[in-house]
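Protein chains: 2
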Amino acid sequence: METGNSPQTTRIGWIGTGVMGRWMCQHLMNAGHPATVYNRSRDKAQPLIDAGARWADSPKQVAEAADVVFAIVGYPADVREVFLGAEGVLAGARPGSILVDMTTSEPSLAVEIEAAARAKGCLALDAPVSGGDVGAKNATLSIMVGGQREAFDRVLPLFQCMGKTIVHQGPAGSGQHTKMVNQILIASTMISLCEGLLYAYKAGLNLETVLQSVSGGAAGSKSLEIYGPRILARNFEPGFYVEHFIKDMGIALREAERLNLCLPGLALAKQLYEAVRAQGYGRKGTQALLLALENISNVRR
Amino acid sequence: METGNSPQTTRIGWIGTGVMGRWMCQHLMNAGHPATVYNRSRDKAQPLIDAGARWADSPKQVAEAADVVFAIVGYPADVREVFLGAEGVLAGARPGSILVDMTTSEPSLAVEIEAAARAKGCLALDAPVSGGDVGAKNATLSIMVGGQREAFDRVLPLFQCMGKTIVHQGPAGSGQHTKMVNQILIASTMISLCEGLLYAYKAGLNLETVLQSVSGGAAGSKSLEIYGPRILARNFEPGFYVEHFIKDMGIALREAERLNLCLPGLALAKQLYEAVRAQGYGRKGTQALLLALENISNVRR
Numbered sequence: 047m048e049t050g051n052s053p054q055t056t057r058i059g060w061i062g063t064g065v066m067g068r069w070m071c072q073h074l075m076n077a078g079h080p081a082t083v084y085n086r087s088r089d090k091a092q093p094l095i096d097a098g099a100r101w102a103d104s105p106k107q108v109a110e111a112a113d114v115v116f117a118i119v120g121y122p123a124d125v126r127e128v129f130l131g132a133e134g135v136l137a138g139a140r141p142g143s144i145l146v147d148m149t150t151s152e153p154s155l156a157v158e159i160e161a162a163a164r165a166k167g168c169l170a171l172d173a174p175v176s177g178g179d180v181g182a183k184n185a186t187l188s189i190m191v192g193g194q195r196e197a198f199d200r201v202l203p204l205f206q207c208m209g210k211t212i213v214h215q216g217p218a219g220s221g222q223h224t225k226m227v228n229q230i231l232i233a234s235t236m237i238s239l240c241e242g243l244l245y246a247y248k249a250g251l252n253l254e255t256v257l258q259s260v261s262g263g264a265a266g267s268k269s270l271e272i273y274g275p276r277i278l279a280r281n282f283e284p285g286f287y288v289e290h291f292i293k294d295m296g297i298a299l300r301e302a303e304r305l306n307l308c309l310p311g312l313a314l315a316k317q318l319y320e321a322v323r324a325q326g327y328g329r330k331g332t333q334a335l336l337l338a339l340e341n342i343s344n345v346r347r
Numbered sequence: 047m048e049t050g051n052s053p054q055t056t057r058i059g060w061i062g063t064g065v066m067g068r069w070m071c072q073h074l075m076n077a078g079h080p081a082t083v084y085n086r087s088r089d090k091a092q093p094l095i096d097a098g099a100r101w102a103d104s105p106k107q108v109a110e111a112a113d114v115v116f117a118i119v120g121y122p123a124d125v126r127e128v129f130l131g132a133e134g135v136l137a138g139a140r141p142g143s144i145l146v147d148m149t150t151s152e153p154s155l156a157v158e159i160e161a162a163a164r165a166k167g168c169l170a171l172d173a174p175v176s177g178g179d180v181g182a183k184n185a186t187l188s189i190m191v192g193g194q195r196e197a198f199d200r201v202l203p204l205f206q207c208m209g210k211t212i213v214h215q216g217p218a219g220s221g222q223h224t225k226m227v228n229q230i231l232i233a234s235t236m237i238s239l240c241e242g243l244l245y246a247y248k249a250g251l252n253l254e255t256v257l258q259s260v261s262g263g264a265a266g267s268k269s270l271e272i273y274g275p276r277i278l279a280r281n282f283e284p285g286f287y288v289e290h291f292i293k294d295m296g297i298a299l300r301e302a303e304r305l306n307l308c309l310p311g312l313a314l315a316k317q318l319y320e321a322v323r324a325q326g327y328g329r330k331g332t333q334a335l336l337l338a339l340e341n342i343s344n345v346r347r
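Note that the protein sequences, when read in sequence, are chains A and B. Heads up: the first sequence begins at 47 in the working numbering, then just goes up one per residue. Heads up: the second sequence begins at 47 in the working numbering, then just goes up one per residue.
Read the hints as simulated data drawn from the structure, not as lab findings. Be aware that a few hints might be false.
Computed Cβ-Cβ distance ranges for the label pairs, DEER-style [unchecked claim]:
hint	chain 1	residue 1	chain 2	residue 2	range
1	B	Asn-306	A	Val-180	45 to 51 angstroms
2	A	Arg-329	B	Asn-306	25 to 31 angstroms
3	B	Lys-210	A	Leu-253	51 to 57 angstroms
4	B	Glu-303	A	Asn-306	58 to 64 angstroms
5	B	Thr-186	A	Gln-54	47 to 53 angstroms
It should be emphasised that the depicted structure is a prediction, and the values quoted were computed from it without experimental measurement. For every residue, glycine included, the Cβ atom is placed at its ideal position computed from N, Cα and C.
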């Protein structure tokens, strides 16, 4: 695998240089790994090109120039095109390459990509992350990895450039399933958070003193810590987009259906976030659920 | 107010010596305050009597012997009887006494008790707590206080014997409202937690490695920290009883209705916990929601 400038470096490919991928690729480059990059809109890749990355015109061309190819793009349809399309990674990957999808996507698609990779003598990992743009920038992501242990072990030094908590969760699809668990945990917690603060407001309480009382105990959560102060400041700018969260919950609900699993809280959360989007807040942060709940109850502030 | 053995001591009354009250009263006695106690079943008060507390035969008699009377009992109906009944605290309280209800109860009842107290020249506080039996034992409770500032200031040194986070939230009822916020925050978070872990199990993941990936990030919560390991160990013994949680959510939903507030997540949580109780788990801990969700989807383990 190590075919770069020194025994410690790996020729990497990077597809998707948005708010997350841009930093993740930069960390790998900072560690000395030569990178070839592709992004749907080239301008977002420019900072990496300026920092020394080679540009390629397609995922296929990225794969031709790299031994480990990472992608972090948008929706499952994008993942499918990037890996399995005519100009996709597998069209260019040589035997022995490792394909790593870090997009939050469908577990079943991860299984499909891994099978296609094996058929070409390659390995594949699904490795979605949590931690957001701040985690990407500070290399403190949690990386949830599915796929063969051998592939995990070989990519681990690269993951360590990008994340802090890196766990092999099992065979192909397990990384995506773990990310779904993560999103399910967040989904109803966001309902709790927004309903609790809305109740506090309507009950005439002082929201800051309420947070003093409740944050440190059993009601405390990372969501409350992150979004409580933003909601108090009426700051609904995106940390994590409503529309991306809807995508993730949709994947989780389809998987749950496939697993014969009734998840009423997740279903409600998805419906409420559909209301958030319908009210025009799809490009706001997930804390904009508060706005939708206010509108539902005709609360005017 | 300070009419005990020394200028620093207060004659206290304590009504309700269960898993919480027993420790809370003990802390006050340890600080040197002479106590008169009452409990519906006397045997549960015996440890405090053995430690030097005086027994009284009714809340009224407790009030006759004390300057500050605390209660922590079960349901709002119990609170009403303890404070407003024929043998209740207000029937025995002298002008200048302070009545403190630490039960999780109705905000509107707290307002009613405070008005009745004022009419007799007394002060009243509603001061429910979070932190459970462990917080009561270790004197680390969060105490959420409603009522007049003057009463709060006078009782504060006593609260400090029992709790760590003690916040005056506003006029009568504000302590109860704040506790409702606390319970609303927990309600849908418990759904998230149990749905997330059930999904993980059905997806064939290793729950321990899943917790490694998700606990430290945005999906983390105190509930996950407390109940995650118990659920993995299939330990459904009560930290907090399902039936008490149902009581609290019922109060919160009635208050929300009064406030013209639609809280779909809280309503769903209450319904799901009704299912937990209907399935025979009312005296289990709130993490038994997992069992109900398993039964709903016919998951056999």
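Going down the list of hints, with the structure as the test:
1. B/Asn-306 x A/Val-180: 45 to 51 angstroms: violated (38 angstroms)
2. A/Arg-329 x B/Asn-306: 25 to 31 angstroms: Given a distance of about 30 angstroms, which is inside 25 to 31 angstroms, the answer is holds.
3. B/Lys-210 x A/Leu-253: 51 to 57 angstroms: With a Cβ separation near 21 angstroms, B/Lys-210 and A/Leu-253 fall outside 51 to 57 angstroms, so the hint is violated.
4. B/Glu-303 x A/Asn-306: 58 to 64 angstroms: Violated, at about 35 angstroms.
5. B/Thr-186 x A/Gln-54: 47 to 53 angstroms: Holds: the Cβ-Cβ distance is about 49 angstroms, inside 47 to 53 angstroms.
Comparing the model with each numbered hint stated earlier shows that hints 1, 3, 4 do not hold.
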